[in-house]
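Chains G and X, in that order, are what the protein sequence lines are. Numbering of the first sequence is given in the numbering used here, commencing with residue 1138 and proceeding in unit increments. Numbering of the second sequence is given in the numbering used here, commencing with residue 1138 and proceeding in unit increments.
In short, the hints are calculated from the structure, not lab data. There's no promise every hint is true.
Same chains, same label: a pair holds when it works inside one copy or across any pair of copies.
[To be verified] Derived DSS-like pairs (lysine-lysine); straight-line CA-CA distance at most 25 Å:
| # | residue 1 | residue 2 |
| --- | --- | --- |
| 1 | 1334 | 1284 |
| 2 | 1451 | 1401 |
| 3 | 1402 | 1334 |
| 4 | 1401 | 1334 |
| 5 | 1364 | 1401 |
| 6 | 1284 | 1553 |
| 7 | 1464 | 1161 |
| 8 | 1401 | 1528 |
| 9 | 1238 | 1464 |
| 10 | 1588 | 1149 |
| 11 | 1535 | 1464 |
| 12 | 1182 | 1464 |
| 13 | 1161 | 1278 |
Protein chains: 2
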Amino acid sequence: MNSVEHLFEPQKVILIGSSKIREKVGMTSPQLFESVVCNMKKCFKGKIIVVDLSKKTLSNFEEEKPELGVIMLPPEMSIQQAEKCATAGVKALVLITGGFKNHQRQRLRQMTEDHGIRILGPNTIMGVINTANGLNTTFEKDTMPTKGDIAVISQSGGVGAYLLDWTCSCNIGISKFAFMGDKIDVNDVDLLEYLSKDPRTRVICLYMEGIENGRKFIETARKVVRKKPVLAVKGGVTREAANRALSHTASIAGTDEVFDAGLKKAGVIRTEDLEELLNSAVALSKQPTLKGDDIAIVSNVGGPAILAADAVAKNGLRLATLSEATKRRIETRYPGIDASNPIDIIADARAERYTMVLRHVLEDPNVDGVMVINMLKSTFFEPEDALTIVKAAKEYPKKPIVDVPAGGEDFNLVYKVLEKSNIPLYNLPEKAAKALKALRLYAKIVEKWDKKSEPRAP
Amino acid sequence: MNSVEHLFEPQKVILIGSSKIREKVGMTSPQLFESVVCNMKKCFKGKIIVVDLSKKTLSNFEEEKPELGVIMLPPEMSIQQAEKCATAGVKALVLITGGFKNHQRQRLRQMTEDHGIRILGPNTIMGVINTANGLNTTFEKDTMPTKGDIAVISQSGGVGAYLLDWTCSCNIGISKFAFMGDKIDVNDVDLLEYLSKDPRTRVICLYMEGIENGRKFIETARKVVRKKPVLAVKGGVTREAANRALSHTASIAGTDEVFDAGLKKAGVIRTEDLEELLNSAVALSKQPTLKGDDIAIVSNVGGPAILAADAVAKNGLRLATLSEATKRRIETRYPGIDASNPIDIIADARAERYTMVLRHVLEDPNVDGVMVINMLKSTFFEPEDALTIVKAAKEYPKKPIVDVPAGGEDFNLVYKVLEKSNIPLYNLPEKAAKALKALRLYAKIVEKWDKKSEPRAP
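Looking at chain G on its own, in the form it has when it is part of the complex (with noise of 0.2 Å):
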């Protein structure tokens, strides 16, 4: 079998569509055959070759020596052109359209086992993208993500797009992206090594409706988690949603405890909605691990700092209780503040208070961790103050510090000036405490690797 590296980093790929041929009911049509040849052109580094079948056959491409073919075509013709790019030596192949029966499932099953072929889906899509060397295959146009460390698979076009739309307007930093709708041949277990080994993914994010094989899965995952964190989200988890994944992309979804038990096992971090999967995908791609339970919460304002701390323990963290010489630093400094966590250091705090604040409180040990709040309205703060917690997080990078500049329109203000700094940012306090939560758990999980023994890779 060739390597599932020919799906993200090909020199030359071959588009092959129709600017003619329209499904009544299907994503075969003009308009995505020529959006996706638009977003080639103007993105993919490499070489492309056009195949419009409407004016012209597959024919004589051998010595181009594409390494991918992406098929856009309803299911027979996709068989068939498939059938033509495997018997000329193409590596792997994206196949966009989805209706294919379970027949011709098994035809593509087939084809893999006689040449060596890679197949990515059918009814991906959205196929995959690759920010290192342009390669998008989506039919979005203008839609290229950030270069950034954060991998997503998602076995479900829509998850994916869905994903892909909200990086894309957060700036969240993106490798790949890939979509793996039926995966009769590339899945999960094929895609987690290969990114487990991509220098340019730091964590991987997973969408899932199935698994073929489980126990493959549990074993390859648990070495790529020592290596790089992963996360799922898992679709199909109430009988009613299973049944429906099974004719969405014929996954057999298993019972819930059964793949929660298996993910635990793998040491994969199961997160309950998509904005949980990313959230946390952002906090372990900038910040350093939570090597204990206890946050410090450092506030201008004093409900959403009590909202934090009821955050912080219903995720499984604790409010740390500050050192005395802590308190009596912050509150011979500001009188008139209490240095009770959560710390309400009043309205009027600017970048000065925070600074001295966020020292003290990362330089005690009794502190593992720090949830920062800074809202606009109602108080002092100006966006720019933001800017000192990126200070407070370099010369303490062993602590993570999480943002949460609550609200809505203050938060985009906030974030504009922080995006693309270390510093996670969320809008709620409630989706902090998830993002600590995850950060927590991925150094548990890197300790409990330890601890076996097993030697780390490298």
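Starting from the known structure of chain G, fit chain X onto it as the hints suggest.
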């Protein structure tokens, strides 16, 4: 005692502060005073009297007869000025600043007893907003929410400000805002009573840290919820946070179980966080209640529909079993679509297909409410196609519809098209499911009250 309506509906307001005094740590400052004056001049439709104590003393204003005084000074000075106002016949006061000690709070309490004056605060930070008459005692420039029918009562200035910022940036329609602070006089009960009679308020949101008189609160809320829904978030549910709430707004939080039981008894819908609070309020202000548990999901993407199905079940609702007639109608018209719920109407669906499928689904007696999902990325859907959902809601006004234009940028594109419509929009299926849950809970509350055959208020 005077009525609390003077807090919201004064003809004349006196603003008392100083252009010189600044607390070392605290809110009193020339900027705050200046900003409140500026906001009031810009927004308020009544008359304003400004008293800058660094230029003149407060005297001879009795004949002006202001009903409301807003005081922005350090504690001791605030009390002095409040006393003058009370003596001069001012009906109600908003005390913006905090830092009051117990004995100072006691003096204010005495004042309300001696003069019948109503006091909101101290420590309200932001005071009150009434979108109907432009009353806005916050010091945030250009922060006037859109007119609408959601009222917000917050014990905490910070939490209130969070909600204010959120509602402003999402154009969520607001009737009144009240920031209660230390609640030495005007409290949740007074405000609930007032808002229940306010014709401009249809839904009431509460952020509370503690309740002084639980029995009275429950009694009042029970009456109010028969006329309009009341939603609440409670801060200080964990022991640590509860301790903090005590020093924050002098609240005794009580155990969470007691509180929860109290809210249930009162018919108040409790939400987990501030985002769910606003999301639920928007649903209740825009859509009919959900008369049964059975939800249909209509989506142009498969994966998010599966997550939606999970979320529906997790929130105590059910996936509706569509009638055979409904399924046949859809599948006959659109070959290739499997009309089992959740219905994946495939990524090439545009307005026409949504219109037809929504009509069939809403006509099905097995369906009580609908969650629509319309992704843009990975589909052919255009933002304007979403207008068909508004039409469907008008045709079938008895069944609630919520919409999930999932994602980041794409959510915003659809939001722009539908924000003024009566369709509540959520960027994640899980959030939409929680909103449906709130619609179901309120239907049950109303039903229960009706069954008890207590005469319903007109």
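Hints versus structure:
For a Cα distance limit of 25 Å, the shortest separation of residue 1334 from residue 1284 inside one copy, 17 Å, qualifies, whereas the shortest one across copies, 55 Å, does not. Proximity of residue 1451 and residue 1401 under a CA criterion of 25 Å is satisfied in both settings, with 20 Å inside one chain copy and 21 Å between copies. Proximity of residue 1402 to residue 1334 under the C-alpha cut-off of 25 Å is restricted to the intra-copy arrangement: shortest distance 21 Å within a copy versus 57 Å between copies. Proximity of residue 1401 and residue 1334 under a CA criterion of 25 Å is satisfied intra-copy only: 22 Å inside one chain copy versus 53 Å between copies.
In the homo-oligomer, the alpha carbons of residue 1364 and residue 1401 lie at most 25 Å apart inside one protomer (16 Å), although the nearest pairing across protomers, at 48 Å, exceeds that limit. When the C-alpha separation of residue 1284 and residue 1553 is checked against a cutoff of 25 Å, the pair qualifies only within one copy, where the shortest distance is 17 Å, while the shortest distance between copies is 29 Å. Taking CA atoms no more than 25 Å apart as the test, residue 1464 paired with residue 1161 passes between copies only; the shortest distance there is 19 Å, against 69 Å inside one copy. Within a single copy, residue 1401 and residue 1528 get their C-alpha atoms no closer than 35 Å, and across copies no closer than 46 Å, so neither meets the 25 Å cut-off.
Within a single copy, residue 1238 and residue 1464 get their C-alpha atoms only as close as 67 Å, which misses the 25 Å cut-off; across copies the closest is 21 Å, which meets it. Neither within a single protomer nor between protomers do residue 1588 and residue 1149 lie at most 25 Å apart by alpha-carbon distance, with minima of 45 Å and 71 Å respectively. When the C-alpha separation of residue 1535 and residue 1464 is checked against a cutoff of 25 Å, the pair qualifies only within one copy, where the shortest distance is 22 Å, while the shortest distance between copies is 57 Å. In the homo-oligomer, the alpha carbons of residue 1182 and residue 1464 never lie at most 25 Å apart, since the shortest distance is 56 Å inside one protomer and 47 Å across protomers.
In the homo-oligomer, the alpha carbons of residue 1161 and residue 1278 lie at most 25 Å apart inside one protomer (23 Å), although the nearest pairing across protomers, at 54 Å, exceeds that limit.
This entry does not satisfy hints 8, 10, 12, going by the numbered hints stated previously.
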